[in-house]
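Please dock the two separately framed chains into a single complex, following the hints provided.
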Amino acid sequence: DTAVSQTPKYLVTQMGNDKSIKCEQNLGHDTMYWYKQDSKKFLKIMFSYNNKELIINETVPNRFSPKSPDKAHLNLHINSLELGDSAVYFCASSTDRGAHTDTQYFGPGTRLTVL
Amino acid sequence: RKEVEQDPGPFNVPEGATVAFNCTYSNSASQSFFWYRQDCRKEPKLLMSVYSSGNEDGRFTAQLNRASQYISLLIRDSKLSDSATYLCVVDSSSGGSYIPTFGRGTSLIVHP
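Read top to bottom, the protein sequences are chains A and B. Residues in the first sequence are numbered from 1 upward in steps of one, following the working numbering. Residues in the second sequence are numbered from 1 upward in steps of one, following the working numbering.
So here's chain B without its partners, still in its complex pose (with noise of 0.2 Å):
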C-alpha cells in the first residue's frame, strides 16, 4: 500500500507567525497532490492543489518536491482562523483509476 506520512504535531504558533508542514509520500508515480483544511468536527475542505513549480494562494504557498517526495504547506503571517487540521492528499495509484490517499493530518493552533 502507497503510504502518506505526516507529523500529528500539535503546531502551536503564536499570531503573525509562519509555519511550513511537510507530507512524505511513497508512489513516485503519483500525479496529482492537494492540501485539505479540516476544522473540528467537519468536513475536509480543499485549501490547493500542488503544482510542479510550486504554487501561491495568498498567505499560503505549496511545493512539491519529486525527488525527495514531500510535498510542503507554507503559511505566512498566521491568523486565529488558520487553526484547523492540515491534511495532505496524493493519489496512490500506479497509473488506474485515481486512488486519492490521504494523511493523517497535521493539527495547527494559532494563539493569540
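Bound conformation, chain A alone (with noise of 0.2 Å):
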C-alpha cells in the first residue's frame, strides 16, 4: 500500500479555474506538508500542519488553502489559477514537528500545468 497518495497525478487546466489536489497518508503520521517544485526544480515548503492545525504558511498568495479534515488528509484549493501556478505540488508526512529530527514521506507528486 502507498504510503503518502495524491490525486490526481496530472492536472492540466486553463487559466482562472479552480482546482483541487488530494492527499493522504496511511503512516499515522501527525504532521503533513505541502511543497511545490517548480521548473528549476525548486523545492519550496508551502504549509504545514499537525493534527489538522496550521502551523507553517510561507507566504503563499490566498488563493491557495489547505484543508485537513483529519490527521490522514492534507488536500490543497487553488483558486483563479495561474501561468506561474504550473509546477510539480508535493505533499508529505512526518512523524513530530518538535524533535527537528523528523523523516519526511513524500507522495508522488501532482503535476499542475495551467494553460
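These are computed hints drawn from the structure, not numbers from a lab. Note that the Cβ used here is the ideal one computed from N, Cα and C, for glycine as well. A few of these clues could be false.
Calculated cross-link-like contacts (lysine-lysine; reagent style DSS-like; alpha-carbon spacing at most 30 Å) [to be verified]: (1) K42/B to K19/A; (2) K67/A to K44/A; (3) K79/B to K19/A.
Chain A residues, not near chain B, derived (Cβ > 12 Å throughout) [claimed, not checked]: (4) T31; (5) K40; (6) R63; (7) N75; (8) S80; (9) V88; (10) D102; (11) Q104; (12) G107; (13) L115.
Computed spacing ranges between beta-carbons, pair by pair [said to hold, decoys possible]: (14) N65/B to P69/A: 41 to 51 Å; (15) P61/A to S97/B: 13 to 23 Å; (16) L83/A to C40/B: 47 to 57 Å; (17) P10/B to D18/A: 15 to 25 Å; (18) S81/B to I55/A: 18 to 28 Å; (19) S20/A to T18/B: 41 to 51 Å.
Written out as C-alpha cells, the structure reads:
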C-alpha cells in the first residue's frame, strides 16, 4: 500500500479555474506538508499542518487554501489559477514536529499545468 | 529568510569514483540536517540524516561542520544507480516550529 498518496497525478487546466489536489497518508503521522517544485526544481515548503492545525504558512498567496479534515488528509485547493502556478506539488508527512529530527515521506507528486 | 545553497552541478563521474557534495546554510540555530535523493520525475526520498559527529551508511558518509555552516555528502565507489539529484535539507526555524528548507539540489551523473 502507498504510504502517501496524491490525486490526481496530472492536472491540466485553464487560467482562472479552481482546482483541488488531495493527499492522504496511512502512516499514522501527525504532521503533513505541501511543497511546490518549480521548473528549476526548487522544492519550497508551502504549508505544514500538525493534527489538523496549521503551523507553517510560507508566504503563499491566499488563492491557495489547505484543508485538513483529519490528520490523515491534507488537501490543497487553488482558486483563480495562474500560469505561474504550473509546477509539481508534493505532499509529505512526518511523525513529530517537535524533535526536529523528522523524516519526511513524500507522495508521488501532482504535475499541474496551467494553460 | 534562512537560505540553503548547493552547487547544482551536474557532477559527471565514472563508475567507481568518489564524489563529494557540499551544502551551505545560513541558519546558525539549525538543529537538523538531512540528505534526500530525488530521481527524475519522482518524489524525494530520505538518503540519510546528518549527525553532529558525522555518520556513515555503506558507501555514503555525511558530515556536519557547524563552524563553517555546511554539510557534506561523500559517495564512494559510485554506481550507475547513484545517478540522481541530491537535496540537502536544513531546519530554517529559529527555535519555533520545524521549517524544513531544501537546497536546490546537486545533480550527479555516473557513467560507465
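Problem set entry | Unmet hints by their number, sorted upward, for this structure | 3, 4, 5, 9, 10, 11, 12, 16, 17, 18
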